[in-house]
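Going down the list, the sequences are from chains U and B.
Residue 38 in our numbering is what sits at position 38 of the first sequence, and the numbering runs on without skipping anything.
Residue 134 in our numbering is what sits at position 134 of the second sequence, and the numbering runs on without skipping anything.
If you are wondering where the hints come from, they were derived from the structure by calculation, not from laboratory data.
Errors might be hidden in some of the hints.
What the hints assert, rightly or not - So these bits of chain B aren't anywhere near chain U, every CB distance computed over 10 Å:
1. Met1
2. Glu11
3. Tyr20
4. Met24
5. Gln105
6. Met112
7. Asn115
8. Thr130
9. Ala141
10. Tyr152
11. Pro159
12. Leu183
13. Thr212
14. Leu221
Said to hold, decoys possible - Below, simulated DSBU-like cross-link-like pairs (lysine-lysine); rule was C-alpha separation at most 30 Å, straight line:
15. B:Lys22 to U:Lys109
16. U:Lys45 to B:Lys209
17. U:Lys73 to B:Lys88
18. B:Lys18 to U:Lys133
19. U:Lys157 to B:Lys22
20. B:Lys209 to U:Lys157
21. B:Lys209 to U:Lys109
22. B:Lys88 to U:Lys70
23. U:Lys73 to U:Lys5
Said to hold, decoys possible - In silico contact screen, one side only, chain B against chain U (beta carbon under 8 Å); selected entries:
24. Asp30
25. Ile84
26. Gly87
27. Lys88
28. Ser91
29. Asn92
30. Ile111
31. Val114
32. Gly203
33. Asp226
By construction, the Cβ of each residue, glycine as well, lies at the ideal position given by its N, Cα and C atoms.
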Amino acid sequence: MIEVKNLYKSFDGRDVLIDINTVFEDGKTNLIIGQSGSGKTVLMKNLVGLFEPTSGQILYDDRDFVQMTKEEKVHMRREMGMIFQSAALFDSLTVLENVMFPLDMFSNKTLRERRQRAMDCLDRVNLMGAEDKYPGEISGGMQKRVAIARAIALNPKYLFCDEPNSGLDPKTSLVIDDLLHSITQEFNMTTIINTHDMNSVMGIGENIIFIYEGQKEWQGVSSQIMNSTNKRLTDFIFASDLLKEMRAAVMTTDK
Amino acid sequence: MLMGRTFSVPERFRMFWKQYVKEMAQLGIDSIGIVLLISFFIGAVICIQMKLNIQSPWMPRWVTGYTTREILLLEFSSSIMCLILAGKVGSNIASEIGTMRVTQQIDALEIMGVNSACYLILPKILGMLTIMPLLVIFSSAMGIVGAYGTAYIAHITVPDDLTLGLQHSFQPWFVWMSIIKSLFFAFIISAVPSYFGYTVEGGSVNVGKASTNAVVSSSVLILCSDVFLTQLLS
Numbered sequence: 001m002i003e004v005k006n007l008y009k010s011f012d013g014r015d016v017l018i019d020i021n022t023v024f025e026d027g028k029t030n031l032i033i034g035q036s037g038s039g040k041t042v043l044m045k046n047l048v049g050l051f052e053p054t055s056g057q058i059l060y061d062d063r064d065f066v067q068m069t070k071e072e073k074v075h076m077r078r079e080m081g082m083i084f085q086s087a088a089l090f091d092s093l094t095v096l097e098n099v100m101f102p103l104d105m106f107s108n109k110t111l112r113e114r115r116q117r118a119m120d121c122l123d124r125v126n127l128m129g130a131e132d133k134y135p136g137e138i139s140g141g142m143q144k145r146v147a148i149a150r151a152i153a154l155n156p157k158y159l160f161c162d163e164p165n166s167g168l169d170p171k172t173s174l175v176i177d178d179l180l181h182s183i184t185q186e187f188n189m190t191t192i193i194n195t196h197d198m199n200s201v202m203g204i205g206e207n208i209i210f211i212y213e214g215q216k217e218w219q220g221v222s223s224q225i226m227n228s229t230n231k232r233l234t235d236f237i238f239a240s241d242l243l244k245e246m247r248a249a250v251m252t253t254d255k
Numbered sequence: 001m002l003m004g005r006t007f008s009v010p011e012r013f014r015m016f017w018k019q020y021v022k023e024m025a026q027l028g029i030d031s032i033g034i035v036l037l038i039s040f041f042i043g044a045v046i047c048i049q050m051k052l053n054i055q056s057p058w059m060p061r062w063v064t065g066y067t068t069r070e071i072l073l074l075e076f077s078s079s080i081m082c083l084i085l086a087g088k089v090g091s092n093i094a095s096e097i098g099t100m101r102v103t104q105q106i107d108a109l110e111i112m113g114v115n116s117a118c119y120l121i122l123p124k125i126l127g128m129l130t131i132m133p134l135l136v137i138f139s140s141a142m143g144i145v146g147a148y149g150t151a152y153i154a155h156i157t158v159p160d161d162l163t164l165g166l167q168h169s170f171q172p173w174f175v176w177m178s179i180i181k182s183l184f185f186a187f188i189i190s191a192v193p194s195y196f197g198y199t200v201e202g203g204s205v206n207v208g209k210a211s212t213n214a215v216v217s218s219s220v221l222i223l224c225s226d227v228f229l230t231q232l233l234s
């Protein structure tokens with residue numbers, strides 16, 4: 001479980017995150033949603049330690065990440081996996097070497113065991129047969145799946161995904177969503193996904209946090225969105241006329 | 001601060017060793033071809049210039065070989081060759097690390113708990129420090145081969161005179177001086193572009209700018225330090 005308490009972050013005197021308080025629960029896909037520039041990525045970068053909060057606490061199972069020493073943070077990060085928007089695979093390494101990288105770096109297993117674990121991870125994301133290819137030789141969706149395999153190689157307790165569906169077609173996005181959801185439940189991880197994708201919000205959002213201009217505007221589950229009276233949330237989720245009409249139709253039917 | 005993070009104990013020596021060997025091959029071994037090619041022709045040109053401009057009936061017949069050797073050993077193979085390598089290797093390092101920065105590969109390393117500066121930069125610096133003395137020796141040797149080329153193929157000078165000059169008043173310290181200088185330059189060539197690449201912000205345009213700045217800065221630093229090192233070691 002990750003608990004965020006009174007988190008503030010400002011850049012050059014400009015507040016980007018204002019008094020964020022929330023809990024990201026174990027075994028659930030926690031979604032952070034919001035408009036571009038609302039502070040979602042800044043929140044995630046604070047959570048993983050790429051940014052230092054101006055004030056506040058980030059508790060990983062009651063361990064305050066903000067107060068940790070540099071060495072403690074390094075050890076803490078070995079319990080984290082992260083999938084970047086761009087996949088961030090190492091260009092000079094093959095798919096298998098990318099997945100093996102965290103194992104090579106931090107595991108004391110033999111080469112055969114490390115290789116086997118990497119192959120198991122690739123199998124889990126349905127990428128068997130692509131292990132000898134380089135990142136530049138595979139599609140965007142496959143790159144995201146390699147990034148997922150690399151992120152889960154060390155069985156992390158916390159999984160962070162920064163816009164995992166960015167640049168993918170709707171069908172591939174659903175595959176990635178399903179994969180993240182099932183992995184979260186399978187390994188009982190605390191998964192936090194930063195997304196714009198409304199399919200993800202409605203499909204796998206078990207705990208959704210809506211950020212508006214740096215503040216937590218709304219928190220709930222996907223089923224509550226449809227009936228929400230929060231105008232900022234509904235304006236963001238049902239941005240197009242088509243979605244507005246669909247929502248109106250659903251609400252009329254419910255009545 | 002970056003150097004402090006760079007010169008720390010690697011998390012896993014097997015990974016460090018793998019990177020170290022890879023960097024030696026990529027930055028050093030892959031540069032041997034260009035070093036030999038340039039050294040051959042510059043050795044030949046120096047020999048021709050010395051013969052045409054210095055050699056006269058009043059000068060000893062070994063003067064062409066002697067001056068060619070001194071120029072090659074004292075300046076060309078250490079300083080000028082490093083200046084050339086600053087362009088090739090420096091831009092390679094800055095663009096590689098800069099691209100890793102803008103594509104979030106360095107962030108990915110940090111999230112994994114890897115000291116990215118140590119993992120990426122230390123093998124490059126140590127790899128260059130290891131391979132540079134070899135490049136300097138190869139360069140000097142190939143320069144001399146180039147000088148002999150002018151004697152045997154173009155008949156610019158007499159091979160025996162050249163041999164006499166190359167052996168005249170030879171001081172082994174000059175070889176060490178050349179190697180010591182090259183070690184300083186190897187550090188500059190690898191550390192300065194690494195810094196520029198590592199601190200890139202933005203996109204591909206900034207990677208290009210960082211690459212150019214890295215080459216310019218390391219070249220200027222090499223030239224400045226050459227003055228001090230020459231004075232210090234002579």
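**Asked** Is it the case that threonine 212 (chain B) keeps its Cβ farther than 10 Å from each residue Cβ in chain U?
**Response** 22 Å, holds
**Prompt:** Once the closest CB in chain U is found, is it more than 10 Å from methionine 24 (chain B)?
**Reply:** 15 Å, holds
**Item:** Check on alanine 141 (chain B) being off the interface with chain U, judged by Cβ distance over 10 Å
**Value:** Nearest chain U Cβ is 32 Å from alanine 141 (chain B), so the label holds.
**Message:** Just to be careful: measuring from the Cβ of aspartate 226 (chain B) to every Cβ in chain U, is the smallest value less than 8 Å?
**Reply:** Violated, about 33 Å.
**Request:** Check the non-interface label on threonine 130 (chain B): least C-beta distance to chain U beyond 10 Å or not.
**Result:** 20 Å, holds
**Straight-line alpha-carbon gap lysine 209 (chain B) to lysine 157 (chain U), limit 30 Å** = 40 Å, violated
**Message:** Restraint: valine 114 (chain B) near chain U, CB-CB cut 8 Å. Satisfied or not?
**Reply:** 6 Å, holds
**Request:** Compare the distance between the alpha carbons of lysine 45 (chain U) and lysine 209 (chain B) with 30 Å, and conclude whether the hinted pair is satisfied.
**Result:** 27 Å, holds
**Asked** Taking C-beta pairs only, is tyrosine 152 (chain B) more than 10 Å away from all of chain U?
**Response** 44 Å, holds
**Message:** Just want to verify: tyrosine 20 (chain B) was marked as not at the interface with chain U; is every Cβ pair farther apart than 10 Å?
**Reply:** 15 Å, holds
**Non-interface label on glutamine 105 (chain B), tested against every C-beta of chain U at 10 Å** = 5 Å, violated
**Prompt:** For glutamate 11 (chain B), is the shortest beta carbon distance to chain U beyond 10 Å?
**Reply:** It is violated; glutamate 11 (chain B) is separated from chain U by about 6 Å at its closest Cβ, not greater than 10 Å.
Checked against the numbered hints above, the structure violates hints 2, 5, 6, 7, 17, 19, 20, 21, 22, 24, 25, 26, 27, 28, 29, 32 and 33; every other hint is satisfied.
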